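> Each chain is listed here by its residues.
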Amino acid sequence: ILNVEQSPQSLHVQEGDSTNFTCSFPSSNFYALHWYRWETAKSPEALFVMTLNGDEKKKGRISATLNTKEGYSYLYIKGSQPEDSATYLCALHASGGSYIPTFGRGTSLIVHP
Amino acid sequence: SQTIHQWPATLVQPVGSPLSLECTVEGTSNPNLYWYRQAAGRGLQLLFYSVGIGQISSEVPQNLSASRPQDRQFILSSKKLLLSDSGFYLCAWTTGARGVEQYFGPGTRLTVT
Chain B
1 ILNVEQSPQS LHVQEGDSTN FTCSFPSSNF YALHWYRWET AKSPEALFVM TLNGDEKKKG
61 RISATLNTKE GYSYLYIKGS QPEDSATYLC ALHASGGSYI PTFGRGTSLI VHP
Chain X
114 SQTIHQWPAT LVQPVGSPLS LECTVEGTSN PNLYWYRQAA GRGLQLLFYS VGIGQISSEV
174 PQNLSASRPQ DRQFILSSKK LLLSDSGFYL CAWTTGARGV EQYFGPGTRL TVT
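Line by line, the protein sequences are chains B and X.
Just so we're aligned, residue 1 is where the first sequence starts under our numbering, counting upward by one.
Just so we're aligned, residue 114 is where the second sequence starts under our numbering, counting upward by one.
Only chain X is shown next, with the shape it has when bound in the complex (with noise of 0.2 Å):
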């Protein structure tokens, strides 16, 4: 079966400093990746998605950036974190067919001081 990880759960990073979180799937091949946010009150924001090693499409503009440098690993990164960062980050995939649902793991909360 499929697994999803993330990590880390939960981070407090101040504001100007780095930023990189993981994502992993397990169980499958070539799976379409993506990186959401949830910032408070606000609904889902797809932020990057991913359909090869290398292949980066980004759906806002913003300072963060995406690198997916294996099948089944997707990282998203921050040189500099903003407080409008703070939020929960979710990554999610799929296969490549239309119209499938979305696997989530299971989140990192990230609170930007």
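Bound conformation, chain B alone (with noise of 0.2 Å):
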């Protein structure tokens, strides 16, 4: 079993202000990294996919990287707005055995206007 973890659980902000949370995963077999936009009462949307250490990735506002040597992603968001209020997750898809990718427990953002 594979432990992603992501931090923090939840995370409170005022709009205009910048943030970035954490997904941890283990270094060995990695494969590639989702990160999902999970809003309410929707189902969850991938945001990226990160494959290779050094992994830079961008969508306007929100961008991601990747260090697969230790075993972390971070997810930026600048100058939040309230439609970014969401959870955020991500999941590790591993190099050897099952397909099946290991989900976090994901990141709550609430932007307070």
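No lab work stands behind these hints: they were computed from the structure.
Some clues are possibly wrong.
For the chain X half of the interface with chain B, some residues (derived, Cβ under 8 Å), not all of them [said to hold, decoys possible]:
#1 Leu203
#2 Gly212
#3 Phe217
#4 Gly218
Coverage of chain B stretches by chain X, computed from C-beta distances (three or more under 8 Å per stretch; other residues unrestricted) [unchecked claim]:
#5 22 to 35
#6 38 to 48
#7 96 to 105
Partial list, computed: chain B residues near chain X (C-beta under 10 Å) [stated by the list, open to error]:
#8 Val13
#9 Gly16
#10 Thr51
#11 Asn53
#12 His93
Just so it is clear, the structure is predicted and the values come from calculations on it, not from any experiment.
Backbone N, C-alpha and C define an ideal beta-carbon position, used for all residues, glycine too.
Starting from two chains that each stand alone, build the complex the way the hints lay out.
Here it is as structure tokens:
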């Protein structure tokens, strides 16, 4: 069983603040990491797929980095807006064994206007 | 394009009653199919996955079962619901490749009373 940890569990920020949170995972047998955004009453939607050490992906005000050697990925949100409020999930794919991803418990972000 | 359907959207059932949740995928063939549950205050828990018709793998022991009677149909069932079965149930699909993103259905909110 792979241990995928996300921190913090929840986060409250003011509109306009920049924020970041972490996904930690075992560095051995890394294959890929996905970040998902899960808004209330909706289904999770993929934000990024990270595959190479040093990867940096960006979509608007949201970006993500990956360090496979030390086993972590950061998700950054610049200038948070209320519509960014959601739970952000990371999912690890390992290189051996099952094709099933292991999800972290998520970081719940609430952006106050 | 591919579409995933889940129904019902919400369900309130008494303890001890049966359950049947259905998921269907359109626009793809031979998908890998998954059932997840998010209980209150918890992360996303994988319940079952299937790589083909009649092939079901269970991730956790529980009073739930799953079936895949057709290539693009995945059903989650219970003969007798428990209070602890309350939660948000998500169906998802992927292609058979390693490391690909999961596509989630709209979910079913189940409340067991």
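> Give a verdict on every hint.
Comparing the hints with the structure gives:
The restraint placing Leu203/X at the interface with chain B holds, with a minimum CB-CB distance near 6 Å, inside the 8 Å limit. Satisfaction of the interface hint for Gly212/X is found here, the shortest Cβ-Cβ separation to chain B being roughly 4 Å, below the 8 Å cut-off. At about 4 Å, the closest approach between the beta carbon of Phe217/X and any beta carbon in chain B falls short of 8 Å, and the interface hint on this residue holds. Nearest Cβ of chain B to the Cβ of Gly218/X: about 6 Å, under the 8 Å cut. The hint holds.
Counting residues of the stretch 22 to 35 of chain B whose beta-carbon sits less than 8 Å from any beta-carbon of chain X gives 3, enough to reach three: the coverage restraint holds. Residue count for the stretch 38 to 48 of chain B with a Cβ under 8 Å from a Cβ of chain X: 5. That meets the three needed, and the coverage hint holds. For the stretch 96 to 105 of chain B, the assignment as covered by chain X holds, since 6 residues bring a beta-carbon within under 8 Å of that chain's beta-carbons and 3 suffice. Violation of the interface hint for Val13/B is found here, the shortest Cβ-Cβ separation to chain X being roughly 21 Å, above the 10 Å cut-off.
A least Cβ separation of about 29 Å between Gly16/B and chain X goes past the 10 Å threshold, and the interface hint is therefore violated. With 10 Å as the threshold, the beta carbon of Thr51/B comes within range of chain X, its nearest partner Cβ sitting at about 7 Å, so the hint holds. Violation of the interface hint for Asn53/B is found here, the shortest Cβ-Cβ separation to chain X being roughly 15 Å, above the 10 Å cut-off. For His93/B, the shortest C-beta to C-beta distance to chain X is roughly 4 Å, which falls under 10 Å, so the interface hint holds.
Hints 8, 9, 11, counting from the list given before, are not met by this structure.
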